[in-house]
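Q: So the chains spell out like this:
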Amino acid sequence: MAEQKSISAFAERKVGADGFTIRYLESGPRSDGTEPLVCLHGAGGLRLSPMHEMLAKTHRVIAFETPGFGLSPANERSRDMAELAATLCAAVAALGIKSYNLMGTSFGGKLATHVALQEGEKLQSLTLLSPAVFRPAERPPMGNAEERRRVMHAHPERFPLAPANPDIDSKQETLVRRLIGPPRDAALEEKLSGLTVPTLVVFGTEDRLTPPDMAPFYRQHYGNAHLMLIYDAAHLVDLDRPEAVTEVVSDFLARKERFLVSEQSGVIHP
Amino acid sequence: MKAALFNPIRYGGPSPAGWPVAPHVYDLEIGQRSILSGLENLQLADELGFDWVTVAEHHYAGFSLTPNPMVLAGALTQLVKRAKIALLGPTVPILNPIRVAEEYAMLDNLTGGRVIAGLLRGTPNEYVTYNINPAESRDRFEEALALIRRAWTEPEPFGWQGRFYQYRSVAVWPRVVQSPYPALYMSGSSPESGAMAARNRIGLGLAFTTVPLASRAAKFYREEANKLGWQPGTDQVLYRMGFHIAESDEQAMTDMVESGAAKPHVGLTMANKAVLAGAMSAGYFGKAAEEQKERVAPRDATERIEQGQILLGSPETVWKQICRVRDEVGAGVLDLFPIVPIADRTRHSIELFGAKLLPRLHEN
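Residue numbers (the numbering used here), protein chains in the order written: chain A, 1 to 270; chain B, 1 to 364.
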């Protein structure tokens with residue numbers, strides 16, 4: 001229900017870029033001086049969570065639907081992740097955005113990393129939620145709805161994922177399999193150390209799809225990565241514990257690396 | 001079986017009942033002597049061949065002069081050369097878990113990997129100590145356990161967004177010596193705690209309970225573990241009890257009576273009625289609250305022997321009592337604390353245990 005509510009607070013719009021018509025959802029203030037937050041979804045397609053709604057209180061939030069996902073036509077044009085990333089860079093430019101923060105979830109985390117490599121100084125920060133840049137060799141079983149639910153959620157009772165649409169799922173899965181690349185992507189890894197944009201890498205402690213055991217790779221390869229574990233959350237961290245994710249992401253967007261230093265007052269009474 | 005000597009470091013002078021006890025009662029000379037004498041007993045246990053020496057955390061009363069067991073364990077690292085040093089343990093939900101992880105790591109380095117890491121919820125009064133809501137105790141505990149494990153094993157600095165704990169960057173130095181980390185224990189007299197120990201695959205400590213209740217709790221823990229596909233090792237069930245050994249049963253009982261230890265003893269849980277009532281209404285004891293209260297009810301010496309709360313008598317008598325605990329609870333570790341607070345008789349009791357019972361215990 002909360003997910004429905006957050007969707008209703010977002011406006012649906014479209015932008016043409018690189019020959020694609022790209023749907024996006026947008027909410028939040030446009031003129032208070034803070035850079036917008038651009039969000040790239042995971043392999044399951046565009047979805048919003050209470051996190052997006054909460055972040056939209058302080059940031060202009062733009063959640064793109066990557067070409068080939070959701071109701072958009074199958075994407076057979078983008079040859080690799082770098083090309084798909086170039087399309088999304090073009091979409092950002094088409095919206096007139098000169099400087100922004102980027103967030104990518106799971107598959108979108110890898111896509112966002114490619115975007116970051118292309119955008120350079122334009123990017124103020126990079127946030128990766130349960131990213132799929134480095135992955136274990138094997139995936140946990142997700143053959144049926146119950147297995148999928150258990151892999152995705154630690155707390156399905158909070159904000160459960162909407163039921164899957166088999167046709168859309170199949171189309172998305174084909175695209176993801178074609179583009180995502182190997183669990184360890186040597187060509188990409190070589191470029192990562194040059195990525196100096198402040199990067200927040202978030203994992204749920206109960207995530208079995210992109211487990212937190214992968215977290216050290218991000219510290220070791222990205223030029224400026226900070227790891228954050230969300231206790232008692234699985235792959236869909238922003239649905240399992242949206243408040244916990246939002247609090248740290250929000251602080252990171254506002255203060256970048258200075259988020260390490262607490263600004264919370266310890267005063268109980270004056 | 002293994003034997004541990006637990007010394008809560010009792011204050012040796014007169015101390016009124018109740019909790020908290022006013023600090024002005026504390027006599028500086030007696031207090032300091034009590035701490036030194038406790039250290040000497042633990043050092044003696046090491047020399048006699050006890051497998052572990054144990055310390056614990058309690059606050060604001062003469063029952064125990066170790067509000068921070070890590071400090072006492074630090075002293076022990078320089079005195080105890082062979083035995084493992086068990087901390088059973090820090091009261092995790094009222095502490096900073098990262099500090100607990102760091103202190104354990106220090107102790108593991110100071111001992112070359114001889115630390116046993118108990119993580120406890122403690123008695124309800126401890127929640128007054130640092131003003132923590134006991135209703136959240138179990139959830140705080142389980143999160144802290146996950147965080148401490150992560151802090152010991154994570155190779156890179158990491159942040160933590162918990163329900164109760166929040167850190168922007170954690171990177172514990174020194175690292176723990178034992179791999180992947182020291183053996184973990186938690187107390188598990190209630191079904192909730194037993195289930196938590198089983199799902200976190202850690203050892204179970206049963207303290208200030210009775211043999212019938214402990215048998216049930218240990219059985220439940222093993223069943224829960226089996227359901228989750230693992231079997232606790234023998235050492236993963238620990239039973240804590242008082243002990244006093246003399247040449248004869250009569251002498252042992254005389255020592256008890258003369259020292260005043262034979263009278264029913266009100267423990268920390270029952271020492272303050274308001275605190276107990278607050279903890280009850282907070283749900284501190286879990287669903288089987290009445291049973292948990294019964295567990296810590298005051299009993300006289302005879303009843304305590306019958307219930308398997310203390311070992312008392314000659315070495316031969318005590319051996320039979322030990323066999324009962326082994327057979328009924330299935331405990332692989334006996335965590336024994338002296339109950340007769342008369343220095344030379346306590347020492348003699350520890351020596352008798354070392355000479356007459358430790359060899360038999362180690363054969364079993």
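Check the hints yourself; a few may be wrong.
Claimed, not checked - Distance ranges between label pairs, derived from CB positions:
#1 B:Lys320 / A:Arg139: 39 to 47 angstroms
#2 A:Thr58 / B:Lys293: 27 to 35 angstroms
#3 B:Ser281 / A:Thr58: 16 to 24 angstroms
#4 A:Arg255 / B:Arg163: 42 to 50 angstroms
Claimed, not checked - Beyond 12 angstroms from chain B on every Cβ pair, some chain A residues (computed):
#5 Glu83
#6 Leu117
#7 Glu173
#8 Gly204
#9 Pro212
#10 Pro216
Just so you know, the hints here were simulated from the structure itself, not pulled from any lab data. Here a beta-carbon is modelled for each residue, glycine too, at the ideal position from N, C-alpha and C.
Q: So, for every hint listed, does it hold in this structure?
A: Going down the list of hints, with the structure as the test:
no.	hint	in the structure
1	B:Lys320 / A:Arg139: 39 to 47 angstroms	56 angstroms, violated
2	A:Thr58 / B:Lys293: 27 to 35 angstroms	50 angstroms, violated
3	B:Ser281 / A:Thr58: 16 to 24 angstroms	40 angstroms, violated
4	A:Arg255 / B:Arg163: 42 to 50 angstroms	23 angstroms, violated
5	Glu83	32 angstroms, holds
6	Leu117	22 angstroms, holds
7	Glu173	31 angstroms, holds
8	Gly204	10 angstroms, violated
9	Pro212	8 angstroms, violated
10	Pro216	4 angstroms, violated
Going through the hint list in order, the structure does not satisfy hints 1, 2, 3, 4, 8, 9 and 10.
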